[in-house]
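Undergrad: Heads up: the protein sequence lines correspond to chains A and B, in order. The numbers in the UniProt record's numbering rise by one with no breaks, and the one at position 192 of the first sequence is 192. The numbers in the UniProt record's numbering rise by one with no breaks, and the one at position 270 of the second sequence is 270.
I should point out that these hints are in silico values taken from the structure, not numbers from a laboratory. Glycine included, C-beta positions come from ideal geometry on N, C-alpha and C. Hints may contain errors.
Stated by the list, open to error - Over 10 Å on every C-beta distance to chain B, these chain A residues come out as not near it, computed from the model:
#, residue
1, L7
2, L49
3, L166
4, R342
5, L367
6, K428
7, R452
8, I456
9, I481
Said to hold, decoys possible - Cβ pair distances, simulated, as ranges:
#, chain 1, residue 1, chain 2, residue 2, range
10, A, E346, B, I155, 51 to 61 Å
11, B, Q64, A, K430, 25 to 35 Å
12, A, L367, B, P239, 53 to 63 Å
13, A, C417, B, G144, 50 to 60 Å
14, B, Q64, A, V472, 38 to 48 Å
15, B, G144, A, F131, 52 to 62 Å
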Amino acid sequence: MEFFDHLALGAEVALQPHNLFFCLIGALVGTLIGVLPGIGPVATLSILLPLTFHLEPTSALIMLAGIYYGAQYGGSTTAILVNLPGEASSVITCIDGYEMAKQGRAGAALAIAALGSLFAGIVATILLMLFAPPLASIALQFGPAEYFSLMLLGLATAIVLSQGSLLRAFAMVLMGLLLGTIGTDATTGAQRLTFGMIELSDGIDFVPVAVGLFAIPEIIRNLEFPEARSVVNTKITSILPTREDLARSWKAVLRGTGIGSLLGILPGSGALISSFAAYVAEKRFSKTPDRFGKGAIEGVAAPEAANNASAQMSFVPLLTLGIPGSATLAVMAGAMTMQGIRPGPEVMTTRPDLFWGLIVSMFVGNLMLVIINLPLIGIWVSMLKVPYRLLYLVILVMCCVGVFTVNSSPFDLVLLCIFSLLGIGLRKWKFEMAPLILAFILGPLIEEHLRRAMLISNGDPSVFVTRPISLVFLVLIVALIGAVALPQIRKRRDEAVAE
Amino acid sequence: MTLSGKLSLALILGSTALLPAAAMAQADWPTQPVRVIVPFGAGGAADTLARLISDELSRTFGQQFVVENLTGAGGVIALSQLTQARPDGYTLGVNNISTTVIAPAINPNVTYDPETDFTYIAMLGGSPTVWVANPSVGVDSVEGLVEYAQASSTIPGYGSPGAGTLSHLIALKYFDDIGLPMEHIAYGGAGAAFLDVVAGHIPLASGTLSTASPFIDAGQVVPVVLSTEERDPALPDVPTFAELGHPELTSTTWFGFVGPADLPEDIVEKLNTEINRILDLPTVQERLEPEGLVGDRMTADEFAQYQADQYALWGPIAAAAEIEQ
């Protein structure tokens, strides 16, 4: 059978001692950068890329891929422990993960995140081996109209995510959209809201915004109300998840894996939307949606599984179409080109050793990551026992270093200050950050695809409803908003739940 | 005499005393590591070129040539920094058609003048532009494209790697010259535009040949016209713009090696000779294969002239395109 031939060929390459070594290095570095607050995979890959220049292509890619999905594992660690998303896709993990940490259950949250990611990673890799080319053709079905509707659906989930006032969530969405318009207009090249500052012409980077809105306000609050530092004060219960945790999580992991595998194929914001979508799906499916936002373990399990599955699946468009789905994968594509290999449909036929070797290395890498991560959980959790007056300084310095390394730009540090002040203010007035971040990232994509779709159709908006995939997403949006916005439905459901 | 007076006198004396030393230092340049600023991220064509060349330059001159990626504002930030550097041969950089030809013509925030603020050292080559059509559209020539557009009930769109990229400007100028209304649809890079042609969401795209090659080889798109000087041996049936009577559209999305203005001539000479030698090395050629770079090797003077000609040609076209940056 073809599958086993490929598996054998891949294993032959991936299990060579030097490739195992590079896989391990990749997994280690990935975990490390995931754990260091503020230092994301894009910056790390860019820094390490030159080092792979003299490596053999397969080894180089195995190592870089290890860093990429290793960072997905590690990224959840800071999200859970210190409320700092390392990447856009772990924004959602902060919500319930950090709540769990506050309740002294950081260990359980970390363990579920790692196990869920392992499961999702392995399932997605098998799907990748079996169906890469047909999956690529699904990605081709998505034109500007479909992407627009999908991204809009992603934005609609922001409203469902909100724990408190809908009006406040809506205000945050608007603010995120506004921040997203800063920069060069993609269609006309016009400068928008850049105030003549050349540094703003590429728009605002995600890292200073995320660190400024999430991490810094958290530090300030902990310093302001020492009694709120419950992460430190709470007695840390068992590091391993309880039987009840596992029972609650496994379905969430399955659903998260499904959602992540599906959305990961789409170049663009697959990983981000999949983690949000998985969270919203859990909240909808749950018999006790009120637990979400207060430390529900499903709220960690589902998005973590989803983002790891989609990280794995995002190799589909890269390896079969030559299209990198994210900034991180663009660096991977660069690494291939640098080695004289053009990413695209012919990689599979001209370099089967590299193609299958890389994929099989993902099995190996995922296993290594869990072996590395599970014993480390104890160490991470015990770090929370470090006196906060020392811990916060370390977090603060790491955040600044992380923000600076993205573009080596001092301007980004100025942005960090501005967003920190904004974040502190918003937190004081009880606004939520997740809708803002989601809108900030999706806004420019929504606009780009909307304008592209309208240009293609010569200004006829009916394309969004006449194309079936797009229509499905639009119907989902209406259903979602209807379910949340109509208070009587909400009330009735709450009563039904209460009974 | 006040203390500050003494200080400035000492500084003046000191700096005049240093002059001959600086001149002497040029003779045995380089005596310390050299910074090579790349205005784009790791892994792109500019980065690959810079790393391959710096590697060899380090070997030749016995000093490290250190590549530094300085991204932002489409490369303009990095080149602004380069113009601020001392012209001593220890700060060099990579430029391209967008940073020293198109951006200065359309972006009022660009603070440098490409005609006076750089020393042009060596031309590195670039990828030509190709137009590709979706096979189901049935277009394989420019005449076919015109027929298709005129028969269409709506204005057909064409994709480009972005507003103000060379591939966009070429299409803009050509359609303008022949009076064919076509809707421009900007993408974030040539790959995304070609992918939408493959999928049939748009009928046509204009972008770099290096990006299009895999799709052309796989038969997923049909090449229509190329911006090379002569026909590409790999695509013998695809005509050039020059053949269609538009020789001014012969162009590539080129890269170059530059320094700040007034770089000493002997350093420029050394670098030009070395870089041209390096670009022809078989090992380097092999690594550069996927980048699809074409172009003749130039002396530094020829490159400076080429830059000036390009600025005179594309500057007004870009400015007239109403790409308000």
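Undergrad: Run every hint past the structure and note whether it holds.
TA: Consistency of the hints with the structure:
1. L7: With a cut-off of 10 Å, L7 of chain A remains clear of chain B, as the shortest Cβ separation is near 26 Å.
2. L49: violated, 4 Å
3. L166: holds, 33 Å
4. R342: Non-interface label on R342 of chain A violated, nearest chain B Cβ at 4 Å vs cutoff 10 Å.
5. L367: holds, 28 Å
6. K428: Holds, since 33 Å exceeds 10 Å.
7. R452: The assertion about R452 of chain A is violated, with a minimum of 6 Å to chain B.
8. I456: violated, 5 Å
9. I481: holds, 28 Å
10. A:E346 x B:I155: 51 to 61 Å: Once the Cβ atoms are compared, 35 Å apart, the range 51 to 61 Å for I155 of chain B and E346 of chain A is violated.
11. B:Q64 x A:K430: 25 to 35 Å: violated, 54 Å
12. A:L367 x B:P239: 53 to 63 Å: For L367 of chain A and P239 of chain B the Cβ distance comes to about 54 Å; the hint holds.
13. A:C417 x B:G144: 50 to 60 Å: holds, 57 Å
14. B:Q64 x A:V472: 38 to 48 Å: violated, 56 Å
15. B:G144 x A:F131: 52 to 62 Å: With a Cβ separation near 36 Å, G144 of chain B and F131 of chain A fall outside 52 to 62 Å, so the hint is violated.
Of the hints listed earlier, those the structure fails to meet are numbers 2, 4, 7, 8, 10, 11, 14, 15, in rising order.
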